[in-house]
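Working from the sequences, and respecting the hints, build out all of it.
Residue numbers (the numbering used here), protein chains in the order written: chain A, 1 to 330; chain B, 1 to 128.
Read the hints as simulated data drawn from the structure, not as lab findings.
Do not take every clue at face value.
[To be verified] Just the calculated beta-carbon pair ranges, DEER-fashion:
id : chain 1 : residue 1 : chain 2 : residue 2 : range
1  : A       : A34       : B       : Q66       : 29 to 35 Å
2  : A       : R62       : B       : Q66       : 42 to 48 Å
3  : B       : S57       : A       : G287      : 15 to 21 Å
4  : B       : Q66       : A       : A65       : 42 to 48 Å
5  : B       : A67       : A       : E92       : 40 to 46 Å
6  : A       : R69       : B       : P121      : 24 to 30 Å
7  : A       : A56       : B       : E63       : 39 to 45 Å
All values derive from a computational prediction rather than experimental measurement.
In this text, a Cβ means the ideal position worked out from N, Cα and C, and glycines have one as well.
Given next are the chains, with one letter for each unit.
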Amino acid sequence: MRERAMHDEGLGRATWRALGTQVELRVRDRNELAAAEAQVQRELDAIDRACSRFRADSELSRLNARAGRPVRVSPLLAQALELAVDAARLTEGDVDPTVGRALQLAGYDRDWRRLAAPRGEPQPQPTRLALQARLGWRTIGLDRATCTVRMPAGVRLDLGATAKAWAADRAAAAAFAASGCGVLVSVGGDIATSGPAPHGGWSIHVTDDHRSAPSAPGQTIAIRCGGLATSSTSVRRWSHARHTMHHIIDPRTGAPARGRWRTVSVAAEDCAQANIATTAALVRGGGAVDWLARLRLPARLVDWQGRVTVVGDWPEALDATAQPARAAAR
Amino acid sequence: MIAASVALTALFAEAAAHAFPGKSTARATSRDGHSSTRSRRGAGSAGKGSSDKTTRSLRPPAEAPQATSATPHPAESSTSGRAAPTEEPAPPAEAAPAEEAAREPEPQGTYESAPVQESPPPVVSGGS
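Right, here's the structure in full:
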């Protein structure tokens, strides 16, 4: 069901589902809502056709099916793959697009909503997952001039850690170009902005689950530019082979990450960068705070006991009695 | 056997990396995640504006997020003192995926009414 709402400050809002999740569009000028919405839909449709692992007719599915042979892909998928390899390089392999096979072996071989309900906490996985996952991102060969991709037989790519956030960035840029007014695009809680922000900024509530109400435990902040992403291992969980799984794979083990943090939020220059950082932080666990601090990325990390640590310029809650631990920049 | 498999895999990865000289996008990275290589944009990009750039480093936003006057959720608890961590309750048990699928139908292509409201609620950013 699509929803639209108009607000007295001139803001317009629309929500719908795409890429298997909830999409929200906000525009500063409600008269431009339809024009912006059309652009967002167009961008998300294009990303879905190129990058979805769950569509048999997507370019990515065809590429995965032809692993071991050189494959020509569209410029759009080539760019998505370049971003995914960049993510792996920038995180020293913590975010690795070659975890597609590990996700399949963990049972994530269809839309998450069609998987079995989770049972308890994630468990260590059989060795075969680790061995399948070790081929790694360095085995991907991408020739941008010819849009040709080569990867070893057996490799299955998953662009979940980058494509959705990148789609938000592209959609926000396209919507701003079409409407001329400031826009915010949220794709499953991965948030991109483009153009001038409203007075006071875009209001964002960070919490464990993007499907939560704005009153859920968390923190409300405002951003004026760039992107913001939140990743959590407390959501998108399912049961497979009597184990509870989740979607953040540690490429070094091939199993769901079992780090210190349950939820990480990061603000960055754009949403793709933010989501790369949140995913890597969940995989890094205890080392994430120093890493984020070195990068000067504002971040908020919540551990499994519910304790909050903030990094860099992440704002503290205005309630003086609820101050999180602040990690010093190194 | 595991050690042998890992060694063979590493060997294979190394061989694959050398199989396409000058083609692979893999690059060495410094410890802080900043690349020492120069930006390199490919032809035929379908993107627009800043979203068309490839990500060569992880950078903070031009303006840091700001605190808002929104009151923290009453379920949050904390201990006193700046260094004491805020505590959030554990997330509620997640609904079975099948239940969520039933709760959130696919788009029907129709719009609900568009009433004018005073101010929009915050956008929620959470795991997905």
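List, from low to high, the hint numbers that the structure doesn't satisfy.
5 and 6
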